[in-house]
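Trainee: The chain contents come next:
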Amino acid sequence: MRQLSARQKRSRLLTVSVVLCLLSIVVMGTVLCLTDREISAPFVPPEFDPAAQVGSPSVSEDLNYREVYREGMGFSSKVCATVTAEGNTAVIYFTNPKENTVWLKLRMMAADGTVLGETGLIRPGEYVRSVVLKGVPVSGSGIKLKIMAYEPETYHSEGSAVLNTVFEGASN
Amino acid sequence: MHNEKRKTNLLLLLLLLITVSAVAVTVWALFFREPTVILAPDYAPREEEENAEPIPDDSGSKLEQPEGGGAVNLIYMTDVTVDLSENSAGLLFGNPQKSTQDMLLQIVVQGQVIAQSGRIVPGKRVMVLDLLPGGPKLSPGGYADCKFVVSYYDPESGEKALLQTEIPISLSVAE
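In the order they appear, the protein sequences are chains A and B.
Using this note's numbering, the final residue of the first sequence is 172, and nothing's skipped along the way.
Using this note's numbering, the final residue of the second sequence is 1175, and nothing's skipped along the way.
Take the hints with a grain of salt, since some may be wrong.
[As the list claims (entries may be wrong)] Below, in silico cross-link-like pairs of lysine to aspartate or glutamate (EDC-like), each with a Cα-Cα straight-line distance of 16 Å or less:
| # | chain 1 | residue 1 | chain 2 | residue 2 |
| --- | --- | --- | --- | --- |
| 1 | A | 9 | B | 1004 |
| 2 | A | 146 | B | 1159 |
| 3 | A | 146 | B | 1042 |
Hints listed in this document are in silico derivations from the structure and should not be mistaken for laboratory results.
The structure displayed is predicted, hence computed values, not measured ones.
Bound-form chain A, shown alone (with noise of 0.2 Å):
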């Protein structure tokens, strides 16, 4: 039997250690690409608010507190303008008209997008005075107040609306 010199001997350990090399790097890929999963979380209703009120609230001038409506908008709602905070709440005042025949819940974003806090659903009819902050936003920085509708019981959504303002920090 023919006795392989040392130099050979390596010459076939590194083409072995090759093969092992690449079919590694190939077995590799074919596992993360057969398990990047995507899992679509499912629809979770939201939860009434157990902070709402009957009525429509009594809210100073200070606070800005008006209607959003656009023609052609299936519903109304009315909120501060003027967003203020209390502790790690901002008050809101928001409301929806009793003429509404829509649920409505109001998410608070940062300028980015981020959410800050929101509401659960209330009924036409119906306010809540604040909403619970994650994290309160430096005073004097851009938010947005975004109303969503939902259709009574099936949830689809009915539309939404986005007001642009400027969170005032702590009220005097």
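Could you slot chain B onto chain A? The hints should help.
Mentor: Chain B in isolation, oriented as in the chain A frame:
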């Protein structure tokens, strides 16, 4: 000679490192990799219209849309026939592939909705719609003040656009 042996050893070490790393990544992917979870939608999804069918010879790139908006294209005929024996409406309404929004069609007769589609995705059309159960009673003949009301929905979020389109139609009812 020594130099060559040293180079080979270094190369072998490098190959071993790459192989071990690849095996480690493979084991992680097989046993420990978590699937990407897509956030739950804000709205309950609408069902796709079951009577929808692909629009023949419909192709073309999507329309350009402004940021935060949408762009749509419609195909429709304004003649609609209601067949009372079939309890359905015969029509032509399509959402071409070029559109960037899903659509929902209502047939409204004198202010009352008689039929409503499910979600019509781009590239699909409807030729027939079932009349709404419990809808207004119709008698044979022609009707004035009839229209299509088209609502638009973001395909990803399911959010309804604030704008709607109303298209006057001619509606006749046959037994």
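Trainee: Check the structure against each numbered hint from earlier and tell me which ones fail, lowest number first.
Mentor: No numbers; nothing is violated.
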